[in-house]
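Each protein sequence line maps, in turn, to chains A and B. Just so you know, the working numbering puts 30 at position 30 of the first sequence, and the rest follows in order with no gaps. Just so you know, the working numbering puts 9 at position 9 of the second sequence, and the rest follows in order with no gaps.
I should point out that these hints are in silico values taken from the structure, not numbers from a laboratory. Errors might be hidden in some of the hints.
Residues of chain A placed beyond 12 Å of chain B at every Cβ, according to the derived structure [as the list claims (entries may be wrong)]:
1. Asp31
2. Glu37
3. Glu42
4. Asn97
5. Ala111
6. Ala112
7. Val119
Which stretches of chain A does chain B cover? Using the computed rule of at least three CB atoms under 8 Å from a CB of chain B, they are [as the list claims (entries may be wrong)]:
8. 2-11
9. 83-92
Result set (EDC-like, lysine to aspartate or glutamate): computed pairs, CA atoms no more than 20 Å apart in a straight line [unchecked claim]:
10. B/Lys290 x A/Asp26
11. B/Lys213 x A/Asp26
12. B/Lys306 x B/Asp52
13. B/Lys248 x A/Glu92
Please read these numbers as outputs of a predicted model, since none were measured by experiment. Ideal Cβ positions, reconstructed from N, Cα and C, are used throughout, including at glycine.
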Amino acid sequence: MAIPARNFANAVVLGVAGRLDQDNCDAFRADLMVHVERHAREGGVAILDLGGLEYVSSAGLRCFMLASRQAKAQNGRIFVAALQPMVAEIFEISHFNLVFQVFPTVREAIAAASSEAVVAFDQA
Amino acid sequence: MRIRFWGTRGSIPVALTSFDIRDKLARALVEASGRTFASYEEAHAFASTELDFSITHTFGGHTPCVELDLGGDEYFVCDLGSGARPFGVHVLARQARRPAVVNVFMSHVHWDHIMGFPFFGPAYVPGTKIRIHSCHDVCEQAFRLQQAAPCFPVDFSQLAASIEFVRLVPDQPNEISGLTVTPHLQLHSGDSYGFRFEKDGKRVVYSTDSEHKLENRAEAESFAAFFRDADVVIFDAMYALADAISVKADWGHSSNIVGVELCQMAGARHLVLFHHEPANDDATLDGLLKEARRFEELTRSGNPLKVSAAYDGLEIEP
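Let the hints inform the model, and build the full structure from the sequences given.
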């Protein structure tokens, strides 16, 4: 599963769309970890743009958790942004909103990453 | 068939504190603000119908012990946690001095699942027959060990009942006094086993102390088959999902959310959240129940799945 990525200074925005469950989470996790390994290190931030994500199961949420653990191990961070109402509710129900920084929009997540990143985002 | 929950807490028994009781009373008084009650019965009716569960009840403190009442002369019970003490009182009262036959099914022999046995009254009654079914070869050793000096004053060998240990083989159905029982291996330190019980077209699954690795589709399908079309699934829902797969990963327990997902895969009808985390108070457990029910609504694609949270004293009919 190829995850579309856009770079803004120390931040990378990863677009996650469709349904994420046990049927496709292995392929998603493999691609996600490549991006996290590359970008969410030494102060870098990977922002998961969930605007196109319609549904996420526990297996999909576990992919996010593994990515977060990897980012923390290499001094990076993971933010999630632009959750649709149903996915936002699943984050709350599963208590993932307590372990992830959740932002209403991608721009707000980028602004929390760095001033350089939000300038780059606004100029793009 | 009737299911009675004598112990529903995981790991270690808990008790309401004086603070907890005062808190419930204070919340009830706030809810009743402006109301007057002419009698105890009026006040009781108000408490029963208008107050939240977390005010009027407690999820309870005994560790796992769940009875399947088949309506016959013999008793059937899963695990002998501290809930085995009140279960034993119930057996003694019902038997009225007649010796009982008790069939026990052990998920595993961790302490919270055997600690009630030294206080299980029928074990001290001559003529009582206790058959302890397990897939663990260390089952008898564990029961004898916990009653050995200096840990307990009555050695296992001094118990008056006739106690037999019966070894079961995983995934093989057994006919036990009219009940079909199939054990299934679960992921837990030292292994644990769930049990699928079938009688007269009713199917009940007892699956506690069981962690589910979400990335393993074969494992999920194996449990979906084990839970298939169950009328009731009693499920280890010790944690919220985020805890179960992060700080408490590999602790051998599962979550309310995974319980909903597996029951939906299996076409089960009623999920009962079980083996509650001892650190969770009644309001937190009520919150986990509401979250599981909402998740079921959000993800429902077929028939509705009823979701309940077990509490000491709960009785349900499949």
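Hint by hint, here is what the structure shows:
| no. | hint | result |
| --- | --- | --- |
| 1 | Asp31 | 15 Å, holds |
| 2 | Glu37 | 18 Å, holds |
| 3 | Glu42 | 23 Å, holds |
| 4 | Asn97 | 9 Å, violated |
| 5 | Ala111 | 25 Å, holds |
| 6 | Ala112 | 21 Å, holds |
| 7 | Val119 | 33 Å, holds |
| 8 | 2-11 | violated (count 0) |
| 9 | 83-92 | holds (count 4) |
| 10 | B/Lys290 x A/Asp26 | 30 Å, violated |
| 11 | B/Lys213 x A/Asp26 | 13 Å, holds |
| 12 | B/Lys306 x B/Asp52 | 19 Å, holds |
| 13 | B/Lys248 x A/Glu92 | 18 Å, holds |
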